[in-house]
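**Student:** Residues per chain, in single letters:
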Amino acid sequence: MVSLWQKIRKTGRVAEPPPPREDGAAPAAAAELAGSVQIRHVDAGSCNGCELEIASAFGPVYDAERYGARLVASPRHADALLVTGPVTRNMEVALRRTYEAVPQPRLVIALGDCARNCGVFAGAYGVAGAVGDVVPVDVEVPGCPPEPEAIVSALRGLTGR
Amino acid sequence: MNLTQTSFALALALCLAAALAALALPRRTRPAVAGALTAAAGACAVVSGAAAVAGQGWSAWYPELLPLLGVRLALDPLGGVFLAVTGAVAVCAAIYGIGYTRHGLAGRGVQAALPLFVAAMLLVPAAAGVGTFLVAWELMAITSLLLVVAEHHRRAAAGEAGQWYAVMTHLGFAAILAGLAALAAHAGGDAFEQIRQAAISPVAASLIFLATGAGFASKAGIVPLHVWLPRAHPEAPSQVSALMSAAMVNMGVYGILRVGLDLLGGGPAWWWLLVLGAGAASAVYGILHAAVSADLKRLLGHSTTENMGLVLIGVGAAGFFAASGSRALAALALVAALLHVINHSAFKTLLFLAAGSVLHATGTRDLDALGGLRERMPYTTALFALGALAASALPPGNGFVSEWLLLQSLVNALPEGGVRHAVTMPLAVGAIALTAGVAIATFVKAFGVGFLAKPRGEGAATAHESPPSMLAGMLLAAAACAGLALAPTLLLPYLAETAGGVIGAPAAVTGEVTLRLGGIASTISPLLIACWLAAALVLVLALLRVFAARRARREARLWDCGAGPMTARMEYTATSFAEPLGRVFDNVLRPESDIDVIPAKESAYIVERVRYRARVADRIERRAYEPVLAAFAAAGRAATRLANGSVHRYLAYGFYTLTGTLILLAVIA
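Protein chains in written order, with my numbering: chain A, 1 to 161; chain B, 162 to 830.
By construction, these hints were calculated from the structure, which means they are not laboratory data.
Even for Gly, the Cβ is constructed at its ideal location relative to N, Cα and C.
Be a bit skeptical, because a hint or two may be false.
[Stated by the list, open to error] Sample of chain A residues facing chain B (criterion: CB under 10 Å; computed from the structure):
#, residue
1, Val42
2, Ser74
3, Pro75
4, Arg76
5, Ala94
6, Leu95
7, Arg97
8, Thr98
9, Glu100
10, Ala101
11, Pro103
12, Gln104
[Claimed, not checked] Here are the in silico distance ranges between beta carbons for each label pair:
#, chain 1, residue 1, chain 2, residue 2, range
13, B, Ala717, A, Arg161, 52 to 58 Å
14, A, Val120, B, Ala775, 43 to 49 Å
15, B, Glu536, A, Val14, 53 to 59 Å
16, A, Pro105, B, Arg774, 38 to 44 Å
17, A, Val120, B, Arg744, 44 to 50 Å
18, A, Leu52, B, Gly524, 50 to 56 Å
19, A, Val14, B, Val745, 35 to 41 Å
20, A, Pro136, B, Gly591, 56 to 62 Å
21, B, Val745, A, Gln6, 30 to 36 Å
22, A, Arg89, B, Val745, 43 to 49 Å
23, A, Gly143, B, Arg770, 43 to 49 Å
24, A, Pro105, B, Val749, 24 to 30 Å
25, B, Leu702, A, Leu52, 25 to 31 Å
Please model the complete structure; the sequences and the hints are all you need to start from.
**Tutor:** Spelled out as structure tokens, the structure:
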């Protein structure tokens, strides 16, 4: 226990200083959430590049949770879906059902180029389409994969903090 | 001729008539007539027992009925309590049995043995002489054994259970026989009346108590003599399971009370600490095994061990307090024990009958293959839920009141006692608390896994509701549970009188709506608790209605991880639900698991099949019984060499044995 406290004291603060908030038009539903956005991540067929960046965005360095965004374990607990990857045929129904399971008001973030427009997988035989073809998308984060700063910045747009 | 005697005689006559009717009548009408007559006998026994409890005592001696000793019968309040309980269980079980006649259970033997079993159980608490008691006890053992093996031609397990039961019950009988015979010899007479007045030396009294106590404990399913109970109770036909588990095991408690507190007049404190310790061990061990059991009736059998353990905690505490001088507390502990006997009989009858309904409808007792019975068996499900509530000792169930009384007597003993109190009482309270906690998990499992969600097996998917006679039997037991839960105050003054009479103290519990305990500030009011709970439930539902209505509603699919549709394979099974408990109590239960990985022919890295087997064996059986059984088997194998088939050799054995005996007798004489 003592060594843990020592470690905390020695390490100090590792999070980056908060970057300036970009001004952008937030979706109308985001205002209702009042600065606290619970997010369910759905991997609709990603190569796991975006997942690494999400993990990084919620890690101690970028620490997205200090802006009010939080990852949860069930769409029933979520306000927003964070969808990565092109929507594969196997995940199409699951994504739709996950979207239906989120209580209203609900938001969908398409994270990464694949989620936005299928990226390099466009036209592949196993791909049903981009996220926007399956469920309505509110926010898009470009990049292959997007950098943690971009993810945090998009999430700040939703939380407004 | 008073009411007690008249209705007792009528009950016995009706049992006999039921047995004769079962032998004489054709198969079509047999179950109905025998069942109705047995139920009437049970009702008469309830009247007789109630009259005896209310103070109409009775005793009689019929010297011509049994050679040498004659039949001595007497009913006092203590015997009356057990007589009335047995009668009430018999009513429910007999009515239920009219419809529960599949698989040859309508045969002459089974239908005739059941009323005789009831008659024997009615005779045990009414016996007032050592000879009469032993005859009634043995009759009870034999008739119940016949009923346990009733279905042995269909299930080999019933035969095996019968063997275990036969051996254990007769070893127990031998212990009781030795103890009571010694008691009668020391007292110089067979009648209980004589024995009470006789002065028996402390050493002899202790030996008698230990011998009879072991015999009675084995009948009550007390650890470590319980091994027959979880085998025999599940294998018997369900109404017989109910009679055994709710009425017959009580006779073990009755025996300990009668011999220890009444005939031997109390005895030293260590007797009762022994009883209390055995009770606490049984309560914890029984409920832990019930918690990990996946067989519905076996679970209920283990739960019987648990409840008898709780009763013996009360009995032990009563004897201990009486021996250390605090008679008021002793009376309270005894009241708690007697009330728990009655409560346990009520809910265990209900639960075993409901389990029988499930078995009748689905053909299986395996909780892992049940589930989803709520839609197809709504009445049985509701009745089982009521029984499960009572068995988990939560308010407003009836088990709560007796456990509360028991805890009050134990907790309030601390300020009065010395070191022994300070060590024993917290341990006993802890055992009861642990038991109650695990009991909740057990019955949540039994009800949730067995009756809710989706059916996991063929039998459960095609289940059907039971016939009206079976439902009527269960409804009667459920009504008894509800009555005991809401208005135990109607019964408790009589029990308090009874317990006071046995201990020699004034009545420990008074009050009409609110129970007041003699000398203790605590009060409880089961009726008000039930009313408040109902009111709170209504309030919560109303608030939910009001607040939920203010938001827009939307139909949503049940969340199934997006994969759907949900199948029965995704459900909790009894085994998986109990697995964490098995891990937590790993030291006691020692769950065993086996994993066989069978690789494919082509490569050792490709797995073709994985077989997983998990099992929780009874450790006491494994450690204490199996070596003895193995030794017997080895002795038997060794003895086969003596019998090689030669007639000459057998004649020589006879000759030498006779000569040897004669020489021995000549030397001794």
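**Student:** Taking the hints in turn, state whether each one holds.
**Tutor:** Hints, one by one, checked against the model:
1. Look at valine 42 (chain A): its Cβ gets to within about 8 Å of chain B, closer than 10 Å, so that hint holds up.
2. Restraint check, serine 74 (chain A) versus chain B: the minimum CB separation of about 7 Å is within 10 Å; hint holds.
3. Because the beta carbon of proline 75 (chain A) sits about 7 Å from the nearest beta carbon in chain B, less than 10 Å, this interface hint is met.
4. Taken as an interface hint, arginine 76 (chain A) checks out: its beta carbon lies about 6 Å from the nearest beta carbon of chain B, inside 10 Å.
5. The criterion of a C-beta within 10 Å of any C-beta in chain B is met by alanine 94 (chain A), whose closest approach is roughly 3 Å, and the hint holds.
6. With 10 Å as the threshold, the beta carbon of leucine 95 (chain A) comes within range of chain B, its nearest partner Cβ sitting at about 7 Å, so the hint holds.
7. Because the beta carbon of arginine 97 (chain A) sits about 4 Å from the nearest beta carbon in chain B, less than 10 Å, this interface hint is met.
8. Taken as an interface hint, threonine 98 (chain A) checks out: its beta carbon lies about 5 Å from the nearest beta carbon of chain B, inside 10 Å.
9. Nearest Cβ of chain B to the Cβ of glutamate 100 (chain A): about 6 Å, under the 10 Å cut. The hint holds.
10. A cut of 10 Å between beta carbons decides the hint on alanine 101 (chain A): the least distance to chain B is about 5 Å, and the hint holds.
11. Nearest Cβ of chain B to the Cβ of proline 103 (chain A): about 8 Å, under the 10 Å cut. The hint holds.
12. The beta carbon of glutamine 104 (chain A) is positioned within 10 Å of a beta carbon in chain B (closest approach about 7 Å), and the interface hint is therefore held.
13. Roughly 30 Å separates the CB atoms of alanine 717 (chain B) and arginine 161 (chain A), a value that falls outside the hinted 52 to 58 Å.
14. As the Cβ distance of valine 120 (chain A) to alanine 775 (chain B) is approximately 48 Å, the hint placing it in 43 to 49 Å holds.
15. Roughly 56 Å separates the CB atoms of glutamate 536 (chain B) and valine 14 (chain A), a value that falls within the hinted 53 to 59 Å.
16. A C-beta distance of roughly 50 Å is found between proline 105 (chain A) and arginine 774 (chain B), which places it outside the suggested range of 38 to 44 Å.
17. Between valine 120 (chain A) and arginine 744 (chain B) the beta carbons are some 47 Å apart, a value that agrees with the proposed interval 44 to 50 Å.
18. At roughly 54 Å, the beta-carbon separation of leucine 52 (chain A) and glycine 524 (chain B) lies within the given 50 to 56 Å, and the hint holds.
19. Checked against the hint of 35 to 41 Å, the pair valine 14 (chain A) and valine 745 (chain B) passes, with Cβ atoms roughly 38 Å apart.
20. Between proline 136 (chain A) and glycine 591 (chain B) the C-beta distance comes to about 58 Å, which sits within the given range of 56 to 62 Å.
21. For the pair valine 745 (chain B) and glutamine 6 (chain A), the beta carbons lie near 34 Å from each other, so the given range of 30 to 36 Å is met.
22. A hinted range of 43 to 49 Å holds for the C-beta pair arginine 89 (chain A) and valine 745 (chain B), which are about 44 Å apart.
23. Under the hint 43 to 49 Å, the C-beta atoms of glycine 143 (chain A) and arginine 770 (chain B), about 46 Å apart, fit the expected range.
24. Checking the proposed 24 to 30 Å range against proline 105 (chain A) and valine 749 (chain B) shows it is violated: the Cβ atoms sit about 52 Å from each other.
25. A hinted range of 25 to 31 Å for the beta carbons of leucine 702 (chain B) and leucine 52 (chain A) is inconsistent with their spacing of about 48 Å.
Hints 13, 16, 24 and 25 from the list above are not met by this structure, while the remaining hints are.
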